[in-house]
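Put chain B on the given structure of chain A with help from the hints.
2 protein chains.
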Amino acid sequence: MTHYSAEQTRHMANAIRALSMDAVQKANSGHPGLPMGAADVATVLFTQFLKFDASDPHWADRDRFILSAGHGSMLLYSLLHLTGYADMTLEQIRNFRQMGAKTAGHPEYGHATGIETTTGPLGQGIANAVGFAIAERHLNAEFGDGLVNHKTYVLAGDGCLMEGISQEAISLAGHLKLRNLIVLWDDNGISIDGKISLSDSTNQTARFAASGWAVSACDGHNPGEIAACLAAAQHADRPVLIACKTTIGYGAPTKAGTSGSHGSPLGPDEIAGARKALGWDYEPFVIPNDVMDAWRKAGSRGAADRAAWAARLAASPKKEEFTRRMSGKLPANFDAVIAGYKQDLAKNPPALATRNASQNALDVINAAVPETIGGSADLTGSNNTKSKELKPLDAHNYAGRYVYYGIREHGMAAAMNGMALHGGVIPYGGTFLVFTDYCRPSIRLSALMGIRVIYVMTHDSIGLGEDGPTHQPVEHVAALRVIPNLAVYRPCDAVETAECWQLALQDATRPSVLALTRQKLKPARLAYSAENLCARGAYEIAPADKKAEVVIFASGSEVEIAIAAKARLDAAGKPTRVVSVPSMENFAAQDKAYQAKVLGTERHRIAIEAGVRTGWDRFIGTDGTFIGMTGFGASAPAEQLYEHFGITAEAAVKAAG
Amino acid sequence: MTHYSAEQTRHMANAIRALSMDAVQKANSGHPGLPMGAADVATVLFTQFLKFDASDPHWADRDRFILSAGHGSMLLYSLLHLTGYADMTLEQIRNFRQMGAKTAGHPEYGHATGIETTTGPLGQGIANAVGFAIAERHLNAEFGDGLVNHKTYVLAGDGCLMEGISQEAISLAGHLKLRNLIVLWDDNGISIDGKISLSDSTNQTARFAASGWAVSACDGHNPGEIAACLAAAQHADRPVLIACKTTIGYGAPTKAGTSGSHGSPLGPDEIAGARKALGWDYEPFVIPNDVMDAWRKAGSRGAADRAAWAARLAASPKKEEFTRRMSGKLPANFDAVIAGYKQDLAKNPPALATRNASQNALDVINAAVPETIGGSADLTGSNNTKSKELKPLDAHNYAGRYVYYGIREHGMAAAMNGMALHGGVIPYGGTFLVFTDYCRPSIRLSALMGIRVIYVMTHDSIGLGEDGPTHQPVEHVAALRVIPNLAVYRPCDAVETAECWQLALQDATRPSVLALTRQKLKPARLAYSAENLCARGAYEIAPADKKAEVVIFASGSEVEIAIAAKARLDAAGKPTRVVSVPSMENFAAQDKAYQAKVLGTERHRIAIEAGVRTGWDRFIGTDGTFIGMTGFGASAPAEQLYEHFGITAEAAVKAAG
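First to last, the sequence lines map onto chains A and B.
Each position in the first sequence, counted from 1, maps to that position plus 1390 in the working numbering.
Each position in the second sequence, counted from 1, maps to that position plus 1390 in the working numbering.
Chain A extracted, bound-state conformation (with noise of 0.2 Å):
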């Protein structure tokens, strides 16, 4: 380990907040307090303790960095450059928060290397982060120390620590041991509408102690006391809170100290006032060679030792699975598992819960998938998310494969964004559809930042029954349709429930949300299909015998209704197809031919699906008929609700009289 004095360690931080403060004011918008603040807390991580090579960004055992408090982003783009990123160069710096530029106002995952996740929304980092360490030591388990043990740091502020997310973070790390988890806490005591003693008096180490984390303390300006607390972290048995007691802007005369600095520029007098009290006598986005000859340094400092893991890959038996896993790439026998899986359907057609469909997928997929993590937020035995297969991952077995989230629907989504961004393994999770509004920050993180997580969402509709109103979605499909890059599924049976985990489980660009019933549905395709239907995202699933009248769309429960209504208007001489709507998103993706054929030009145009209208205008113009939901649920048995709601092939038949 290479060491510096505290004078060096100093000089080499106020590169940082130069930097930081200099970006700031030349796009005259950002946050200069929290690198400023956290300067040196992490120029002692990045110089000696981060196990990184800034030449290799994506060495799949290198300590992970997350900056929790994303506004604070020049830290990270800082620290980036300084250390040698060969993306983040001083002209990015230069563009921090302009059109196109790498350095966004918050850390946007893809944009550049070394941004691990992206950042922003409060208390996400610190939740993605016990997904990065889950996934670590699952991988360590299996494949070795000598390919998988690296840590995952986490600098967080206050505000990351109020938000909830941080309390189901916290105690599921604690929970699981997850001894390679470290957070720094940038404890400035500041946010920005002032003292946190405005809104807070949490005494946050002990919080975490009673989350069963190990907890220290220091000055976050004093090299020693930072150093100190990191090299106790390193053999820890537990995660570990370091907190870190800083002054938020620190350098800048008058706005240290108070949130002034927080999330504005500087302003040119301040900044010059800062240079001076920090003894940094360099202009703007200037670093003196010897400050960036020692960041260059740092940032190399890895080499030797990620030299050293490729040879241990390279000779490993294990070397192409892990390779596979890492990559991405799901198993080469994969599709020809799912057409056998669906061949067996086809031979006897089930007729089961959706939600029952699944946990047979899962059979399936689990058994030739091996880099799948499920997992529930303990509705287990409801979202059927736990094939034979799995055992639990725990702090005893982290070989496990199945994760008890506990009632922390937000925390596991957020875990969950962590495992995919980590790489290696493929993680879903379930809980009730309704409870897709506990964890949307975290979903929709997954679509910004394109990433593959499977969102398992059962009990999908009034179909639930008697648990009413609170636990029954009528908006929650609409909604999750509205948010970009995000697959929503909703099968109509054991066909197309497999259809739909094929195309979520290939799809590594994109998280998907699959929406299950609760109740038995009986089949709806009857005959084998080799092509995933689902992937067209509407396609006729019954077609009229003579020139159709009527076409009436469906998804999900809906389409047996549909298909039961056909049958009444067939025999009424109305002819009648049936299209099923799996996916709204995968549907608009075809092309304009496709689209007018599955569409149609029938006079009858009808929709239904047991939720709100909003989307289907499309399908069926402004003046077809919806039938579905217009306000809330109700307490009673599902059969009973269809009824009351007027949710029936009956009303579909009487729309098309």
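Watch out, some of these pointers could steer you wrong.
Copies of one chain are not kept apart here, so a pair can be met inside one copy or by any two copies together.
[To be verified] DSS-like, lysine-lysine: derived pairs with alpha carbons at most 30 Å apart:
| hint | residue 1 | residue 2 |
| --- | --- | --- |
| 1 | Lys1937 | Lys1778 |
| 2 | Lys1987 | Lys1719 |
| 3 | Lys1912 | Lys1987 |
| 4 | Lys1567 | Lys1635 |
| 5 | Lys1416 | Lys1912 |
| 6 | Lys2044 | Lys1964 |
| 7 | Lys1666 | Lys1987 |
| 8 | Lys1910 | Lys1416 |
| 9 | Lys1912 | Lys1778 |
| 10 | Lys1964 | Lys1709 |
| 11 | Lys1441 | Lys1936 |
| 12 | Lys1567 | Lys1585 |
| 13 | Lys1778 | Lys1987 |
| 14 | Lys1778 | Lys1585 |
| 15 | Lys1585 | Lys1781 |
| 16 | Lys1936 | Lys1416 |
| 17 | Lys1635 | Lys1709 |
| 18 | Lys2044 | Lys1936 |
| 19 | Lys1781 | Lys1937 |
| 20 | Lys1987 | Lys1936 |
To be clear, the hints were calculated from the coordinates, so they are not data collected in a lab.
Predicted model only: the values in this text are computed from it and were never measured.
Just chain B now, with coordinates in the frame of chain A:
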């Protein structure tokens, strides 16, 4: 205080157990475990401590009891029936979870008296309770001990405490030193998936203590211990947690203490065994007279207190104001105040961001409406929620009217629900619109309960600029519009902002979201209109000179763009009219003739909104032109983003070409 022997208490508690297991069995659906486990705790509370009078469920100074673990609804229904709430008949109990019954699967506010809030989504109740307790302390500060001095009791389960929202609630309550808040934790060590130890190892009492709560613990089946803890809690100087160690499904011979008793009927054999074990030798739904008499006595033991309170109110000089506030009626001059403000605006129409226009409106409103309590989740200066009038509401001054909620969007929203439910205050609170995702479960409950909570959501589009896609709502307005019974307002200038505030405040049975801009907008409403045009939801804001060939619909910041496009189209000989759409919900409530008139029949139909298209087809049809977003935003200055994403007057001109 009436004293009961431990034996008497247990026998009374067994009445709850019997009703609960019988009702769940008859419904063949529900959760017997919690009511049977928590029956002793609830019996001690209701017979010895809770201040209430079943004959007057709306008594303003009653203690509130909140069943945060809402799945245990039969506990509450049993208590209401046994203590003699007139509407909670045995017939209702027998119809548990049936269509039209007051006894829904989870307690639904408004279905029966004594249900103080809707619970079921876990963690909401405990967070509502913080709002109840804030309202209580605030009204106490204004109206004195004689009129307002009551407790808020919560019964919470492990699920409530694992949800992240509970941390926000706990830390806020501790910070505010809400000494009349008492949480009874039903510590039964069981959740749906099995033992809590599967998923959690948190030391809950240490966690609460870390946030400044007083904590104690008791055997939840020992009436003496329970009473001792409750007695000690009466005079605390901070919120109190009482950990009550219980056995879930207490009395069930084989299922007690297991997840098997949590969420399913026990079955006839197990019920028979429980009857035997409990010494409860009565038929289903039969309560022996002595037990019923004892319960009814408990239900009326507050009658004298209530009468004394009523006498104090009658004699109080504040009687009229207190009564008005608790009724939810606005001050008589409210409409005149708004009219005066609109007249002032018309004299000199300002160019303002609508968030600033909102602050100006609040300066007027908060001076005229003393029952408003504002706040923000740590974005006070950005949300512009603190008007001149308001002083902080904190532990030193409960008479204040502004809550620094901290970085706790979800906790804020749930607390606002509690404040609105308590009555006597009208809560509003702010964050960025994108973070409606963080509080969506509570927003949904505002809507489901039909209560007046006002969400002030600023930075409502890519117009927020450099903070980038994590902070830019693109789907949020659409996603809020699908929630039933929620008014979503997106005003276009200072006048519309005032009108939307007026509507939000007048609407006592519906929550409202105000989506407001960060960026400055030109005034669009230049002439004074006595009518509140936003009440119509959509209206012609700029008519065509001649018969229109083009119609442009827009909301909020895009109305300015629509008006600019109109000028160019008019000049090019294409007469154009512009319709402002501040609220799709209000427009949907207009009569067909008005709707048809506003929609018109122009060939060129254009809508502009800096969000996704969803919802606009009803205005422009599926073949109209929508100018807005199709994916996530980006980090850059706002004007550049509008250009980049093509949300411009030019695009509208082109579309009409």
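Quick rundown of the hints versus the structure:
In this assembly of identical chains, the alpha carbons of Lys1937 and Lys1778 never lie at most 30 Å apart, being 47 Å within a copy and 69 Å across copies at closest. Taking CA atoms no more than 30 Å apart as the test, Lys1987 paired with Lys1719 passes in neither setting, with 34 Å inside one copy and 56 Å between copies. Taking CA atoms no more than 30 Å apart as the test, Lys1912 paired with Lys1987 passes inside one copy only; the shortest distance there is 26 Å, against 46 Å between copies. Taking the shortest Cα distances, Lys1567 and Lys1635 sit within 30 Å of each other both inside one copy (25 Å) and across copies (26 Å).
Taking the shortest Cα distances, Lys1416 and Lys1912 sit within 30 Å of each other only across copies (28 Å), while inside one copy they are farther apart (63 Å). Within a single copy, Lys2044 and Lys1964 get their C-alpha atoms as close as 12 Å, which meets the 30 Å cut-off; across copies the closest is 43 Å, which misses it. Taking identical chains as interchangeable, the C-alpha atoms of Lys1666 and Lys1987 are never at most 30 Å apart, the minima being 71 Å within one chain and 67 Å between chains. Taking the shortest alpha-carbon separations for Lys1910 and Lys1416, only the inter-copy value of 22 Å comes in at or below 30 Å, while the best intra-copy value is 61 Å.
For the identical chains of this complex, Lys1912 and Lys1778 are intra-copy neighbours only, at 24 Å inside a copy versus 63 Å across copies, given an alpha-carbon limit of 30 Å. Taking the shortest alpha-carbon separations for Lys1964 and Lys1709, neither the intra-copy value of 62 Å nor the inter-copy value of 68 Å comes in at or below 30 Å. When the C-alpha separation of Lys1441 and Lys1936 is checked against a cutoff of 30 Å, the pair qualifies neither within a copy, at 68 Å, nor between copies, at 71 Å. Proximity of Lys1567 to Lys1585 under the C-alpha cut-off of 30 Å is restricted to the inter-copy arrangement: shortest distance 18 Å between copies versus 33 Å within a copy.
Proximity of Lys1778 and Lys1987 under a CA criterion of 30 Å is satisfied in neither setting, with 42 Å inside one chain copy and 61 Å between copies. With identical chains, the CA atoms of Lys1778 and Lys1585 are at most 30 Å apart between copies only, with a shortest distance of 20 Å across copies and 52 Å within one. In the homo-oligomer, the alpha carbons of Lys1585 and Lys1781 lie at most 30 Å apart only across protomers (16 Å), although the nearest pairing inside one protomer, at 47 Å, exceeds that limit. When the C-alpha separation of Lys1936 and Lys1416 is checked against a cutoff of 30 Å, the pair qualifies neither within a copy, at 69 Å, nor between copies, at 49 Å.
In the homo-oligomer, the alpha carbons of Lys1635 and Lys1709 never lie at most 30 Å apart, since the shortest distance is 43 Å inside one protomer and 51 Å across protomers. In this assembly of identical chains, the alpha carbons of Lys2044 and Lys1936 lie at most 30 Å apart only when taken from the same copy (20 Å versus 43 Å across copies). In this assembly of identical chains, the alpha carbons of Lys1781 and Lys1937 never lie at most 30 Å apart, being 53 Å within a copy and 71 Å across copies at closest. Only within a single protomer do Lys1987 and Lys1936 lie at most 30 Å apart by alpha-carbon distance; the minimum there is 16 Å, versus 40 Å between protomers.
Of the numbered hints stated above, those contradicted by the structure are hints 1, 2, 7, 10, 11, 13, 16, 17 and 19, listed in ascending order.
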